[in-house]
Every structure is written in structure tokens, then in C-alpha cells.
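*Asks:* Below are the chains, spelled out letter by letter.
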Amino acid sequence: MVTANPYTAQGQYTALRFANEVINKGHQLKRIFFYADGVLIASRLNCPPSDEINLTKAWAKLAIEKDVELTVCVTAALKRGIVNQAEADRNALTGENLDPAFEISGLGQLTEAMLESDKLITFG
Amino acid sequence: MSTLFILNQPELLDDCITVMQPDDALLLIENAVVIATKSSTTQYKMFVLKDDLIARGLFESIHDQSTAIDFSKFVELTLAYDKSVSWL
Amino acid sequence: MKSICFIFNKPPYGDHKGRELLDICLMSAAFDMPITVIFKSQGVYQLLQNQQPDVISVKNHSATFKALDLYGVENILVESESLLEHNLKMEQLLPIAEAVSQDVVKHQIASSDFVIGL
Numbered sequence: 171m172v173t174a175n176p177y178t179a180q181g182q183y184t185a186l187r188f189a190n191e192v193i194n195k196g197h198q199l200k201r202i203f204f205y206a207d208g209v210l211i212a213s214r215l216n217c218p219p220s221d222e223i224n225l226t227k228a229w230a231k232l233a234i235e236k237d238v239e240l241t242v243c244v245t246a247a248l249k250r251g252i253v254n255q256a257e258a259d260r261n262a263l264t265g266e267n268l269d270p271a272f273e274i275s276g277l278g279q280l281t282e283a284m285l286e287s288d289k290l291i292t293f294g
Numbered sequence: 463m464s465t466l467f468i469l470n471q472p473e474l475l476d477d478c479i480t481v482m483q484p485d486d487a488l489l490l491i492e493n494a495v496v497i498a499t500k501s502s503t504t505q506y507k508m509f510v511l512k513d514d515l516i517a518r519g520l521f522e523s524i525h526d527q528s529t530a531i532d533f534s535k536f537v538e539l540t541l542a543y544d545k546s547v548s549w550l
Numbered sequence: 462m463k464s465i466c467f468i469f470n471k472p473p474y475g476d477h478k479g480r481e482l483l484d485i486c487l488m489s490a491a492f493d494m495p496i497t498v499i500f501k502s503q504g505v506y507q508l509l510q511n512q513q514p515d516v517i518s519v520k521n522h523s524a525t526f527k528a529l530d531l532y533g534v535e536n537i538l539v540e541s542e543s544l545l546e547h548n549l550k551m552e553q554l555l556p557i558a559e560a561v562s563q564d565v566v567k568h569q570i571a572s573s574d575f576v577i578g579l
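Residue numbers (the working numbering), protein chains in the order written: chain A, 171 to 294; chain B, 463 to 550; chain C, 462 to 579.
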């Protein structure tokens, strides 16, 4: 679970390095669940200066290359303006901004992952 | 059950220690690595994330009570202990 | 079934962490996971009675604490040492929790499969 605010705290970066290492060592990573301020990572409009790491793209690379599921909590996301097309339509919003590597789902996805996994590591 | 407590904010050290058991260990990451530069009275095993020390210019200042580890060892520690608790 | 322990260690309303942790707690209860809820350090302020966060336009989540038992969450603990530290008495808190010593809190954390704080 990642709750760190992407460009305020270091936690997203620490989580990214940790997740990459988990996969490099051959372990199975069930899901990365983004919650609280951590959901802000999922906006494809995040645009840090070109000489700084783009954390959204770094997560997306992990998701695509290593087939890791990136799940964003819908309640936390909507509050903070992170929406896909379906949520934009449902809430009469004028645009969507979810990076395609991420998916929006419910908090039950965290609990389900806990039931199916040996370990949960939180990065806040 | 043994627990790996992961601490990223130095000001929460005292609070975290109140819930630790003798077989538990402390992993200092992010800003909490500053704790590893001082001698401490805690009896717990202490690990500290090497890159976070280097990033802050503190790698040479680490006190010999702590063990500097890389991300590979970080992953291994989360497996070696029954669970990990991020003390936020 | 795997057990979860939730740690509330911050006062309410200055941030949304208490509310968002409570949401995880309710969801886990819906999955029938055995749950322990612990209020410790400044988290004991979460349970104070007579909260009126509507004056700062914040939804009152303390009402939801009262509903925890409806979700089957019965093991709700307040650390006595934290109450003492913040000069609070059990009578000032919502009557849903049991005061326990730091040793009991330690034991609960040690014996749970997952421990979550925000």
C-alpha cells in the first residue's frame, strides 16, 4: 500500500524501488494499492521538470514490463480529482486524467490482496 | 511473532519503541536515517537504508549500532520477519 | 482467517488519516477478518465525546466509531498510558472502548497478521 503524496514525500520513490527489488528477486507482487494522498500518483497530467524523475511514468513502466497491477482507491481518488472516463461520466466531470497503467477500484481490493498475500508493506 | 518496524519519521521513534518486543527490529528509512548517526539506548536490532544515508551525506556518520542495508536486504528483511509494520 | 490490527495515533480533523484508516477498518470487517482497533498516543483524541467538526465543515467520523460493533468489531482498545499522558479519562471518551496497558497493546500488535496505521 502506498499512501505517500508523490511530490511532497519520499514514500512513492521508496515504494517504487522496493517493488522493483521484490520482482527482481523473483517474488510475486500481487498488487500495489494506492490510497489516501498516494492516489495523486495516478494522474497522467503530473508534469515534473524534465530533469526530475516522473514517478507516474516509473510506476507505469513497472506495470507494463513486469505485469504488476496498480490499483487506485476510488473514494480517495475522486476526492482528489483523479478520474477515469467512467467516473467522469458518472459524476458529470469535464475530463479524465487517469494514467492508462493504473486502474480505479474499491477499497475491497486492498483487503482482498491482504487475504491472498503473505505480506503487506506500507509506504506512507 | 517477530516484527520489522519501518520508521520514516525520526520524531516517531519514541512512540514506535513503546510497542516493540525483544525479538523485533527497527528499519530506518527516509528522514529517519538521521537516528542512525547517534548512539542509542535501544536494545533492538537496527537497520538503516544505505541509499537514504548516502543521499543525505550521512553514510560516513553512521553509528556502529546500526547496520546499513541495500534494497535487496530490505526485501529479505520483510521476509525474515513475520510481518512488517510501517510506524506512521 | 488473517487478523488485522489498526492503530489510530493521530488526533482527528487536522488531516484525513483517521477517517481514511476507519474506512479500511470497515472494509476489512465486511470481509469478516478478525479486527483489533487500538487508540494510542494522540490517537486517543479520536474518541473524545462532543466533537463538532461541522463548525469546520468536516464530516463527523466519530459517529462511525460508534457503529463499529454493528460491523462486528468488538475489540476496541485505548492505551492507558496515552490517556494519562494527555490528561484524559475514559469517561470523556465514547463508551465503545476498553482501557488497556501498553503491554496489552504490544501483545495485540505482535499477535496480529497485519498491522495498519496511516
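Treat the hints as calculated values from the structure; they're not laboratory data. Don't be surprised by glycine CBs; every beta carbon is placed ideally from N, CA and C. One or more hints might be untrue.
Just a few of them, taken from the derived set where beta-carbon distance is under 10 Å, the chain B residues facing chain A [unchecked claim]: (1) Asp476; (2) Glu492; (3) Asp526; (4) Phe536; (5) Val537; (6) Lys545; (7) Val547; (8) Leu550.
Footprint (simulated), chain C over chain A, 3 or more residues, beta carbon under 8 Å [to be verified]: (9) 180-189; (10) 234-240.
*Asks:* Taking the closest Cβ pair, is Val547 (chain B) under 10 Å from chain A?
*Replies:* holds, 8 Å
*Asks:* Verify this for me: three or more residues of the segment 234-240 of chain A with a beta carbon less than 8 Å from a beta carbon of chain C.
*Replies:* Three-residue rule not met by the segment 234-240 of chain A, so violated; n is 0.
*Asks:* Have a go at the Asp526 (chain B) hint: is there a Cβ in chain A nearer than 10 Å to its own Cβ?
*Replies:* violated, 25 Å
*Asks:* Taking 8 Å as the C-beta cutoff, is the stated coverage of the segment 180-189 of chain A by chain C satisfied by three or more residues?
*Replies:* Answer violated; 0 residues pass the 8 Å Cβ test.
*Asks:* Please verify that hint: Asp476 (chain B), Cβ, nearest Cβ of chain A, below 10 Å or not.
*Replies:* violated, 18 Å
*Asks:* Quick check on Lys545 (chain B) please, does its C-beta sit within 10 Å of some C-beta on chain A?
*Replies:* holds, 7 Å
*Asks:* Does Leu550 (chain B) hold up as a contact with chain A if the rule is Cβ-Cβ below 10 Å?
*Replies:* Result: holds, 4 Å to nearest chain A Cβ.
*Asks:* With a cut-off of 10 Å on the beta carbons, see whether Glu492 (chain B) makes it to chain A.
*Replies:* Cβ of Glu492 (chain B) sits 5 Å from chain A, so the hint holds.
*Asks:* Hey, does the Phe536 (chain B) contact hint survive, CB to chain A under 10 Å?
*Replies:* holds, 6 Å
*Asks:* Any CB of chain A closer than 10 Å to the CB of Val537 (chain B)?
*Replies:* Since chain A brings a Cβ to about 5 Å from Val537 (chain B), closer than 10 Å, the hint holds.
Checked against the numbered hints given earlier, this structure breaks hints 1, 3, 9, 10; the rest are met.
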